[in-house]
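With the hints as your guide, set chains B and C onto chain A.
Below, each chain spelled out in residue letters.
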Amino acid sequence: MLRPFEIHEPATVQEGSRLLAHYGEDSSVYAGGTELIPVMKEGLAHFRHLVNIKTIPGLDGIRHERGRVQIGALATHRQIERSPVVLAQAPVLAQVAARVANLRVRNVGTLGGNLCFAEPHSDPAAVLLACGATLVLAHAGERRLPADAFFTGILQTARMPDEILVGVEVPAFGPGTGAAYERFATHERPTAGVAAVLMMDEGVIASARIVIGSVGPVPARAPEAEAMLAGQRPDPRLFRAAAETAGRRAEILEDLYGSADYKRHIVMMLAARALHAAAAQAGARVN
Amino acid sequence: MSMTRPIVGSPLRRVDAAEKVTGAARYTGDLVVPGMLYGRVLRSPHAHARIARIDAAAAERLPGVRAVLTGRDLEGLDAYYGHAIKDRPIIALDRVRFAGEPVAAVAADDEATAEEALLAIVVEYEALPAATTLDAALAGDAPRLHEGPLRPGLFHGLGELRREEGNICYHYRFARGDPDRAFADAGVVVDGEYTFPAVYQYAMEPHTVIAQWGSDGLTVWACCQHPYLVRAELADLFRLPLSSVRIIVPYIGGGFGSKSYTKMEPVTAALARKAGRPVRIANRIVEAMVTTRRHNMKCWMRTCSTRDGVVVARQCRIWLDTGAYADNGPRVAATAGDAAPGPYRWRAVDVDAWAVYTNTPPAGSYRAFGAAHLSWIGESQIDALARKTGLDPVEFRRRNLLRPGEEVRPGGKPLDADLVGDVTKVAAAIGWGTPKAPLVGRGVSVGLLAAGANPVSTAAMRLQADGTAVLLVSTTELGQGSRTVFTQIAAEELALPPDRIRVMGPDTHFTPYDRSTGASRSTTLAGKAVQHAAVDLREQLLDIAGGIWGLPRAALSVRDGAVWHETEALSYPDLIRRHFGMVGGELIGHGEVRPQRGTGSYAEGPVFWEVCVGGAEVQVDPSTGRVHVRRLASVADVGKAINPQLVEAQDEGATLQGLGNALFEEMLFENGHLVNASLLEYHVPTTSDMPDEFHSIIVENADGPGPYGAKGVGEGALAAVPAAIVNALADLGVEMRELPLTPERVWRRLQDAGIRTGEIRSPEIDRR
Amino acid sequence: MEAGAPSPGRVRIALTVNGRPVEVWIEPRELLLDVLRDRLGLTGAKRSCDVQVCGACTVLLDGQAVSACCTLAYEARGRRVLTIEGLAPDGRLHPLQEAFIEHAAVQCGFCTPGMILTAATLLDQVPAPTFEQVKAHLQGTLCRCTGYWKIIEAVVAAGRRMASVEAPR
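Chains as they are written, first to last, in my numbering: chain A, 33 to 319; chain B, 33 to 800; chain C, 3 to 171.
Okay, chain A solo, but in the shape it has when bound (with noise of 0.2 Å):
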């Protein structure tokens, strides 16, 4: 049950941002409300101000400029999921968004709702990070920060209370590139999910990135790994290493989903399988 709240529609993101700066703890961004509204339900947050930034015209966009995918803090999972201009420069970004939660909530959830909530079982946010993305925050000016940086903790995030997150920027992946991510649920939300991405270059993988998702308080990056494949020719042998490196030194939690060291032996297996996908994405031959 909802208890009594005001809805605010700011016209830009100026005056969403001076609304909750002026309401502070008080008030939240209100988007797709597939997080939000259930957290509210049950009692576990209230706000009196709810600033719904779909009043705010320009922020569900997904378009392709100067080398890099722009997509709105406002696209839901299913713009995403469909969108042409995905599909064809960062198709990882589309089969991720076809997999979170269920239907109804890919109609409404919007991507940014997604990452500002930072609930540690996320499948976007590990793709994001793996993905090198940029996210753009604005208050009275704009930021931009690279998604390593935005999630702080479980449901933190470096967002400052008055800043929108307004769009996410994506490098489009060039001829070379392939990305894949790779999931285990067993519950509505994933258990553990690794996202890699390989730049090829000649044979060689110029340089890589594993992101591990779910299982820690954050996405976090797995640099061992990628520096064990930096420079080298895709390998089985080599992958199973680095899968291994990137499972053993990742940081897991113990919770429902599973115990640490069951979900650390996931992880491996994910991110062999992801480096394998996302090599044969790039046209690599892996041998």
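Worth flagging that the hints you see were computed from the coordinates, not collected in a lab. Check before you lean on any hint, since a few could be wrong.
Selected chain A positions facing chain B (Cβ under 10 Å, derived; list incomplete) [claimed, not checked]:
hint: 1; residue: Pro36
hint: 2; residue: His40
hint: 3; residue: His54
hint: 4; residue: Glu74
hint: 5; residue: Arg175
hint: 6; residue: Arg191
hint: 7; residue: Phe216
hint: 8; residue: Glu220
hint: 9; residue: Gly290
On the chain A side, residues computed to face chain B include the following (Cβ under 8 Å) [as the list claims (entries may be wrong)]:
hint: 10; residue: Val198
hint: 11; residue: Thr218
hint: 12; residue: Arg269
hint: 13; residue: Leu270
hint: 14; residue: Ser291
Every value quoted in this text rests on a predicted model; they were computed, and no experiment measured them. Glycine included, each C-beta is placed from N, C-alpha and C at the ideal position.
Below, chains B and C alone, put in the same frame as chain A:
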């Protein structure tokens, strides 16, 4: 419409389907009674505590709040109920015994106000030591949940009840032969300890009740499965004659046992009494989960056979966690005990089953209780014996299974099904004996469920002056299709088109007594009462026609809504008009089923043995431990399928619930608190959990005690499927002694079994 | 049609429900499910899980399935809401409804309205979906009674029927 084709045995369209696909079907929560208030319940945050003080003054002062009910309002009433054991107060009096127990209830003008008011109620608790697990409750120094003399409930049906030691709620035992000697002499023995989790029934409609008091007594609309038992308990609690309590049951949004017996009706009635206005209480799912659940269990079992594969003896000790109040725990213990031996020819059996009180939410009925708990254990030991004796598991069963007419339990009904035929059919359906892909295992299972509950049902049928009929029967329609099946039976017996028959929902002021809707009993027992009522009407019509024509009954027949003598016909409307001598009037047929009536077998328990026969083919992903179910088969051994489409539908539903119970469904408690109290964290099977193939095999041997030789269906598969899946894993060398078979558990056992789990297997790691 | 009464903190919203214009005074905190059920008397959408997992409360908002239990009624302003009651406006059943009856895809009926509406959004996009397509589309809509077989078969059959009717001769 011509009546040449028999209606019984045909897939008549569900009579309730049109209402349900258009949203017109009304459930309790869709009803609004004039003047109705909305109730919400304050529940205990403690697993065990004394209530030192409740201050509801602030809540009562809130605008829109009309009444706050606490234990103090029950003074002057004997406020305890429980159909088996009267151990549960309408609302906590001075003590709470589980986290989630109702402590106060608010009636207000709307739900939001009622919810606000809950926050304004101050309750001071003094925490007590809690026994929140079976082991803790069974310990010598465990805190006791219930003291004083045991008070039997109105419908326990369990012989003489007495207060047991410590936290034992009920003890069921039977034995024959000399098991100790049998085991001492045995060639092959298997032995193991097993655990089964608490499971949530998840009827999609949570418990919802409307109560209204008036000068004529108490009227209750509720989604209860057993309106007559609820009526009796409410009459007892509020000291009213039975005729002053009226229970009306609209469509029910699923039950599966969760709405059997009395649940939220007493607290709603007490709140409405205090408010002086009608009140509706609708549980949320989080509340439904702490209202009732399936018993978690621990079990020790051993089984022995000769070296050449003849079963000899079985011993079993069963501890069922019934939570803070008995609910249906005693019956669950008895049924579990009955299911423990399995349908084999034993020389000696020795079974103890205890229902144990703990400081957790009460456990009661859930589809196939007892058999679902025990079948997988007993059947895994049968498979282990087969492996040790070098016999094929199907062949091992063929040699040892009881044959029709053999004794199942001392003094009980002999076996009334062809189990060897049944298991042969499921084995064929899952490709038994054909080559298997790597990491594919197959298993079969055979079990029996004591079904039918108590054989008392009545029905009435009113034939109207225009030849249409109203069938009055108190079976609740919770999705099983009883109204459709009863329509078919009545149409067949009266030679009426089904669309001229209307089946009403239960209203205890108008529809006659039916003991309950559960235990797969309705087609067999209420259906038999319906058949008798229709036959009674037919005989009245024949007598009227016989009187007009001066002919004996034997010279007459019914067809197409008329009584016929050779080529002459008198339609039912004609007969009614001639009988009453003017336009109008009606004929009323009456039917009943009593233990002494029917085929003579009702006096012996159970009414029938429901078979639990299944087969499974699974494939394991060793890298995650996930069990993928490729094929499932179940036998619906129904005697006679009055509506084959609905039989199949029951079997399909029970099968997926069985798969959920086997693979992932589990309520998790920490210190008595449910920690996965929402569907976000309690996973219910979705389409992605379906097996690739499912075969429902309908067996019709006309060997049931119901109409046309029918017997019940709809529960067996839920017991059979987990057992078959466990055996399919054992076929791969993976022995599981703990349900559910979560990927993590299976992964650990795979390692124990020496199967490599580090292989990067199919990219189909995630099927969800 | 107008429902509710103006009062402090309430706002008036205009929307279309099952093809008919409706104006309602609502509090911002009110959920679409409660407004449909308690104010407009449209009880076809059911409350079950309350956490947008089960789909029993599904209604279509501008043709898209949403969980009415977690959607603010405010979101429906100026939009089209379709509930199960609006699927067969003239008493002529939708092919999905006919197929659910024919295939016994209905048991207790509590999931049925949401299931049919969810299936309708698939048939809008994919004229004659396969068994696997239907199964994937219905993945987040729960039914505890049927085991899903007959539901999927019914949707496949309805899709075929609609495609054959709509196909040019």
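Hints versus structure:
| no. | hint | verdict |
| --- | --- | --- |
| 1 | Pro36 | holds (9 Å) |
| 2 | His40 | violated (22 Å) |
| 3 | His54 | violated (27 Å) |
| 4 | Glu74 | holds (8 Å) |
| 5 | Arg175 | violated (33 Å) |
| 6 | Arg191 | violated (24 Å) |
| 7 | Phe216 | holds (6 Å) |
| 8 | Glu220 | holds (5 Å) |
| 9 | Gly290 | holds (5 Å) |
| 10 | Val198 | violated (29 Å) |
| 11 | Thr218 | holds (6 Å) |
| 12 | Arg269 | violated (12 Å) |
| 13 | Leu270 | violated (13 Å) |
| 14 | Ser291 | holds (7 Å) |
The earlier numbered hints that this structure contradicts are 2, 3, 5, 6, 10, 12 and 13.
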